[in-house]
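Listed here are the chains, written in short residue letters.
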Amino acid sequence: MWNEAAGTFVFYLIAFFSIFTALTVVYTRRILRAAIALACVLVCSAGFYVMLDFEFLAGVQVMVYVGGIVVLMLFAIMLTSSAELIVDRPSFQRRFVGVLISIGFFFVTTTAFWATDFPVAESTKDTLFTKVSIEGEKAEPLDDVVELGKKLLDYGPEGYVLPFEIISLLLLSVMIGGIIIARKPPQLENKE
Amino acid sequence: MVELLSNNPPGIWHWLILSTILFSIGLYGVLIRKSAVGVLMSAELMLNAAVLNFVVFNHFVKPFTIDGELMGIFIIAVAAAEAVVAMAIFVAIFKHKKSIDITHIETMKG
Chain G
1 MWNEAAGTFV
11 FYLIAFFSIF
21 TALTVVYTRR
31 ILRAAIALAC
41 VLVCSAGFYV
51 MLDFEFLAGV
61 QVMVYVGGIV
71 VLMLFAIMLT
81 SSAELIVDRP
91 SFQRRFVGVL
101 ISIGFFFVTT
111 TAFWATDFPV
121 AESTKDTLFT
131 KVSIEGEKAE
141 PLDDVVELGK
151 KLLDYGPEGY
161 VLPFEIISLL
171 LLSVMIGGII
181 IARKPPQLEN
191 KE
Chain P
1 MVELLSNNPP
11 GIWHWLILST
21 ILFSIGLYGV
31 LIRKSAVGVL
41 MSAELMLNAA
51 VLNFVVFNHF
61 VKPFTIDGEL
71 MGIFIIAVAA
81 AEAVVAMAIF
91 VAIFKHKKSI
101 DITHIETMKG
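If you read the protein sequences in the order shown, they are chains G and P.
Heads up, the first sequence is in the working numbering, so the first residue is 1 and it goes up one at a time.
Heads up, the second sequence is in the working numbering, so the first residue is 1 and it goes up one at a time.
Fair warning: there could be bad hints in the mix.
Okay, derived cross-link-like pairs now, BS3-like style, lysine-lysine, Cα gap no bigger than 25 Å in a straight line [as the list claims (entries may be wrong)]:
hint, chain 1, residue 1, chain 2, residue 2
1, G, Lys-184, P, Lys-97
2, G, Lys-184, P, Lys-95
3, G, Lys-184, P, Lys-62
4, G, Lys-150, P, Lys-62
Across the chosen pairs, the derived CB separations fall in these ranges [as the list claims (entries may be wrong)]:
hint, chain 1, residue 1, chain 2, residue 2, range
5, G, Gly-159, P, Trp-13, 43 to 53 Å
6, P, Lys-95, G, Trp-2, 49 to 59 Å
7, P, Gly-11, G, Ile-103, 16 to 26 Å
8, P, Asp-101, G, Trp-2, 50 to 60 Å
9, G, Phe-16, P, Asn-7, 32 to 42 Å
10, P, Lys-95, G, Asp-154, 38 to 48 Å
11, P, Lys-97, G, Asp-154, 42 to 52 Å
12, P, Asn-7, G, Ala-121, 14 to 24 Å
13, P, Ile-105, G, Ile-103, 21 to 31 Å
Among the chain G residues that face chain P by a calculated CB cut under 8 Å, a handful are [as the list claims (entries may be wrong)]:
hint, residue
14, Ala-15
15, Ser-45
16, Leu-72
17, Ala-76
18, Met-78
19, Gln-93
20, Ile-101
21, Phe-105
22, Ile-181
Hints are computed from structural coordinates only; laboratory data are not their basis.
The beta carbon of each residue, even a glycine, is placed where N, CA and C say it ideally should be.
With the hints as constraints, model all of the structure from the sequences given.
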């Protein structure tokens, strides 16, 4: 009982903290503070993944998002020298439209959830931290990383080898594109 | 208090509404931010909410599989790629125009 109570408490704690920091990301007038708040949101999300038993994804999240993307953003903020800058508040009209659209989106999506009956599996209906075995299915908790590696390179109908290859090509092209866009423009000395 | 907490563990609803809230906040940020880096950060919030949704459905609808986790890893990879290109573009625009205010960038041509 205490275990489940602690799980629920931790869920609400992290949820409210992540919503608060997400609001900081969009509200603060200092762009550097927004980047730090974004790092907090991403760490909170890693906590969510741990609560949902996806430890490997949590590790990827911390390494790639917090360690990579946020640091990249900090670099971009420094390079565009807007670290000290305090941006103006957006105009009232702009904020009004933004609130209207996002609240509208929230209500439409929540209504769609409400109208849908999700086929929630029995085993996870009332446990958060413990996977209870169910009859007829693979009951033992699977070894995530081994399964992930097998699935990524599987040619079969359940495999993900094509997206894997596409992602590798995407990363290569992004690397080349990033270098070409951000480098110094070539000196035009032999123009005449 | 402990009774209340242990009798109401977060179900699929709580998680879905949480990720919808995060997505809506990201949408709001994309709409109101003027700085290009701010817009990109809000877009990352939205991507993060999408990953959370995949993982939640994986956990609650199809436990003992890892397809949602795999999609999450793919989304994170694409988000990283997107962030790299966007940052390169911002730096290039800043070199050219001395500002990354998206309301003042009307043209992509140098």
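Hints versus structure:
A threshold of 25 Å between alpha carbons decides the hint, and for G/Lys-184 with P/Lys-97 the separation of about 15 Å falls inside it, so the pair holds. The suggested pairing of G/Lys-184 with P/Lys-95 holds, with an alpha-carbon distance near 10 Å, which does not exceed 25 Å. Among the hinted pairs, G/Lys-184 with P/Lys-62 is inconsistent with the structure: their alpha-carbon atoms are about 50 Å apart, more than 25 Å. A C-alpha spacing of about 18 Å is found between G/Lys-150 and P/Lys-62, which places the hinted pair at or below 25 Å, so the restraint holds.
For the hinted restraint 43 to 53 Å between G/Gly-159 and P/Trp-13, the CB-CB distance of approximately 32 Å leaves it violated. Restraint check, P/Lys-95 to G/Trp-2: a C-beta distance of roughly 58 Å satisfies the suggested window 49 to 59 Å. At about 24 Å, the beta-carbon gap between P/Gly-11 and G/Ile-103 stays in the expected band of 16 to 26 Å. Look at P/Asp-101 against G/Trp-2: about 53 Å separates their beta carbons, and that is inside 50 to 60 Å.
For G/Phe-16 and P/Asn-7, the Cβ-Cβ distance of about 20 Å falls outside the hinted range of 32 to 42 Å, so the restraint is violated. P/Lys-95 and G/Asp-154 have their C-beta atoms about 45 Å apart, which keeps the hinted 38 to 48 Å range intact. At about 48 Å, the beta-carbon gap between P/Lys-97 and G/Asp-154 stays in the expected band of 42 to 52 Å. As the Cβ distance of P/Asn-7 to G/Ala-121 is approximately 20 Å, the hint placing it in 14 to 24 Å holds.
The given range of 21 to 31 Å is respected by P/Ile-105 and G/Ile-103, whose C-beta atoms sit roughly 28 Å from each other. This hint holds: G/Ala-15 has a C-beta 5 Å from the nearest C-beta of chain P, less than the 8 Å allowed. The interface hint given for G/Ser-45 is met, as the beta carbon of that residue sits about 5 Å from the closest beta carbon of chain P, less than 8 Å. The beta carbon of G/Leu-72 is positioned within 8 Å of a beta carbon in chain P (closest approach about 6 Å), and the interface hint is therefore held.
Checking G/Ala-76 against chain P: minimum C-beta separation of about 4 Å stays under 8 Å; hint holds. The criterion of a C-beta within 8 Å of any C-beta in chain P is not met by G/Met-78, whose closest approach is roughly 10 Å, and the hint is violated. The beta carbon of G/Gln-93 comes no nearer than 10 Å to any beta carbon in chain P, farther than 8 Å, and the hint placing it at the interface is violated. Taking 8 Å as the C-beta contact cut-off toward chain P, the hint placing G/Ile-101 at the interface holds, the least distance being around 6 Å.
With 8 Å as the threshold, the beta carbon of G/Phe-105 comes within range of chain P, its nearest partner Cβ sitting at about 6 Å, so the hint holds. Because the beta carbon of G/Ile-181 sits about 4 Å from the nearest beta carbon in chain P, less than 8 Å, this interface hint is met.
In summary, the structure is inconsistent with hints 3, 5, 9, 18 and 19 from the numbered list given earlier, while agreeing with the others.
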